[in-house]
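Number of protein chains: 2
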Amino acid sequence: MSQKKFHVAVVGATGAVGQQMIETLQKRSFPIGEISLLSSSRSAGKEIEFNGEKVIVQEARPESFEGVDIALFSAGGSISKKLAPEAVKRGAIVVDNTSAFRMDENVPLVVPEVNESDLHGHNGIIANPNCSTIQMVAALEPIREAFGLKKVVVSTYQAVSGAGAAAIEELHTQTEAILNNEAPKAEILPVKGAEKHYQIAFNAIPQIDVFTENGFTYEEMKMINETKKIMHMPELKVSATCVRLPIAVGHSESVYIEIDQEGVTAEQIQKLLSNAPGIVLQDNPSEQIYPMPADCVGKNDVFVGRIRKDLDEDKGFHMWVVSDNLLKGAAWNSVQIAESLIRLGIVK
Amino acid sequence: MSQKKFHVAVVGATGAVGQQMIETLQKRSFPIGEISLLSSSRSAGKEIEFNGEKVIVQEARPESFEGVDIALFSAGGSISKKLAPEAVKRGAIVVDNTSAFRMDENVPLVVPEVNESDLHGHNGIIANPNCSTIQMVAALEPIREAFGLKKVVVSTYQAVSGAGAAAIEELHTQTEAILNNEAPKAEILPVKGAEKHYQIAFNAIPQIDVFTENGFTYEEMKMINETKKIMHMPELKVSATCVRLPIAVGHSESVYIEIDQEGVTAEQIQKLLSNAPGIVLQDNPSEQIYPMPADCVGKNDVFVGRIRKDLDEDKGFHMWVVSDNLLKGAAWNSVQIAESLIRLGIVK
Chain A
1 MSQKKFHVAV VGATGAVGQQ MIETLQKRSF PIGEISLLSS SRSAGKEIEF NGEKVIVQEA
61 RPESFEGVDI ALFSAGGSIS KKLAPEAVKR GAIVVDNTSA FRMDENVPLV VPEVNESDLH
121 GHNGIIANPN CSTIQMVAAL EPIREAFGLK KVVVSTYQAV SGAGAAAIEE LHTQTEAILN
181 NEAPKAEILP VKGAEKHYQI AFNAIPQIDV FTENGFTYEE MKMINETKKI MHMPELKVSA
241 TCVRLPIAVG HSESVYIEID QEGVTAEQIQ KLLSNAPGIV LQDNPSEQIY PMPADCVGKN
301 DVFVGRIRKD LDEDKGFHMW VVSDNLLKGA AWNSVQIAES LIRLGIVK
Chain B
1 MSQKKFHVAV VGATGAVGQQ MIETLQKRSF PIGEISLLSS SRSAGKEIEF NGEKVIVQEA
61 RPESFEGVDI ALFSAGGSIS KKLAPEAVKR GAIVVDNTSA FRMDENVPLV VPEVNESDLH
121 GHNGIIANPN CSTIQMVAAL EPIREAFGLK KVVVSTYQAV SGAGAAAIEE LHTQTEAILN
181 NEAPKAEILP VKGAEKHYQI AFNAIPQIDV FTENGFTYEE MKMINETKKI MHMPELKVSA
241 TCVRLPIAVG HSESVYIEID QEGVTAEQIQ KLLSNAPGIV LQDNPSEQIY PMPADCVGKN
301 DVFVGRIRKD LDEDKGFHMW VVSDNLLKGA AWNSVQIAES LIRLGIVK
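If you're matching them up, the sequences are chains A and B in order.
Everything in the first sequence is counted per the UniProt record's numbering, starting at 1 for the first residue and increasing by one.
Everything in the second sequence is counted per the UniProt record's numbering, starting at 1 for the first residue and increasing by one.
Everything labelled a hint here was simulated from the structure, so no lab data went into it.
Possibly wrong hints are sitting among the right ones.
Given that identical chains are not distinguished, each listed pair holds provided it fits within a single copy or across any two copies.
Stated by the list, open to error - SDA-like mimics (lysine to any residue), calculated; alpha carbons at most 20 Å apart, straight line:
#1 4 x 275
#2 315 x 258
#3 151 x 124
#4 151 x 258
#5 150 x 270
#6 271 x 215
#7 151 x 312
#8 4 x 48
#9 46 x 64
#10 237 x 314
#11 150 x 258
#12 315 x 235
#13 150 x 313
#14 192 x 284
#15 271 x 213
#16 315 x 214
Next comes chain A alone, as it looks inside the complex (with noise of 0.2 Å):
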């Protein structure tokens, strides 16, 4: 790491992501020489402790990002949109956190582990990919590079934190109701702004995002896009189907592939996956070991586990894939790509 120090400013400082990103900066000692958290109007005026000093809440202008080297963008697609372009005309780099530039081909889309050096070809903004994306790709890339992949179906099971400080509020509510034998209140969880809420606490939500035209919704075609940009495998076959759970942090995959290879035994992945960066291997059924996501919470690797090669399918394998995604789906990996564009030299 530089011994230069860095203006760094984190867009959306009040929310679940973006109180993980500060404390993200702070646990790896990132080279920060000036700090600007930024948000809403709403939430300006707030106080942050930051390094054992107090930082006061600003609202997000375009005049914000003055001398700021790198921005962390997690306030929401419109903020994005709107600021991020303002961040980057003011010579900022800009890491985003929403959807709002993913799928754009001049933003790289990155996951450090997998296509680092996909930043190399920035234009100012860099995309962190969607939670659930982030931590299956993570897993899959050294298997790919071994044995090769053809096919992905992925079913996940996911916390309510992806939907904000609110949803986990609303879980905690519900549940408190349902115990007390009291009616539970649905505003929130599955989308903000549909039509109609549905209760979280002790059921299962098979909605994540809004739908799209085919029937899949726009979480799951982000996990099926982004997956085949990052992974640079336009041909590769995915398919996800997402679910919400009353977990308030800690995003699990069940995880079918199919790869190349022939003959490749569940024991060669288990050794690939033991050996590759970020990825913790918990893979012991005689001693019941296995990801679990209340074990993930805090951490910022991709845990994987149950791993076992399908009983017809040659080339078929399964896995299970947890982790944090406050962390590695969205704090520490945007601030594991701002390591990288500084040891990379991109942000001098």
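Assemble the complex: chain A is given as a structure, and chain B must be docked to it using the hints.
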């Protein structure tokens, strides 16, 4: 239905499934002349109301089955192994809800909507399939019949009630503890007799039943083997990943299938399932209509939605299948088998 009335025994009458069997027999106005409610010695002596009269639960013994026409067993595999043959010896037909006899080639394994005629081949015992298998094959059979079926990849989202009433209690106790910032106690899930127990509240446990040597759990192998047996398709490619979730009642399944026929549309499958026995189609994304476990509780049907064609495989389709695991997954399917036995004249 015959005018004759039958002597019915329920073994495991005080358990989560036994209670639903007793309720279902009453709701269906099952032609009962005499009811015997049987249990372990531990639960014997309890009083249960049946059709307005109080019935005292008796300890299940071989002689309990004298004069019994139909015995519904749901008291664990070891009880079934010991007492089902005793019931048969005394002239009863046994409908067994445990895994004790399911893969016995002399025992029909029946979901009435799929393979009712297998009942004719019984030798005194009929097995009720595993809860997660029943709802899936009910949804798959109409598709197989119309378009053929080659491959099934299922990921389950299973409720704790599949592990009995004590597991529901554990979910509630743990949930209360966590909401009160206390450490949750885990003593039952994932498997009561296993060495390690894990928190289920606000978590996902990718283990149901114990592990087999191939890395799949018994629950997963049940889904694989039972599906092939019920559908009479030993060549069908089936794989399963079974996951326990913090939901009291209602199993959900993300099912990916590949059919035989080319050029089939999602609309064709929707139309097929909207007319299929035991199936309720809930599939209208633009109105946010899809099945959810919280909505299926107390209903006998299997609910199917999110039907969509794979974006890469012409023969590939995805769907979301939900049912009350204590009813269609257990009690209702058992009572339904008993009704079939009478209608087909097998029990006279």
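Now the hints, each set against the structure:
no., hint, in the structure
1, 4 x 275, "neither (32 Å within a copy, 69 Å between copies)"
2, 315 x 258, "both (5 Å within a copy, 16 Å between copies)"
3, 151 x 124, "neither (33 Å within a copy, 46 Å between copies)"
4, 151 x 258, "both (5 Å within a copy, 14 Å between copies)"
5, 150 x 270, "within (19 Å within a copy, 29 Å between copies)"
6, 271 x 215, "between (38 Å within a copy, 16 Å between copies)"
7, 151 x 312, "both (15 Å within a copy, 9 Å between copies)"
8, 4 x 48, "neither (24 Å within a copy, 76 Å between copies)"
9, 46 x 64, "within (16 Å within a copy, 72 Å between copies)"
10, 237 x 314, "both (18 Å within a copy, 12 Å between copies)"
11, 150 x 258, "both (6 Å within a copy, 16 Å between copies)"
12, 315 x 235, "both (17 Å within a copy, 18 Å between copies)"
13, 150 x 313, "both (13 Å within a copy, 12 Å between copies)"
14, 192 x 284, "between (40 Å within a copy, 19 Å between copies)"
15, 271 x 213, "between (41 Å within a copy, 19 Å between copies)"
16, 315 x 214, "between (29 Å within a copy, 16 Å between copies)"
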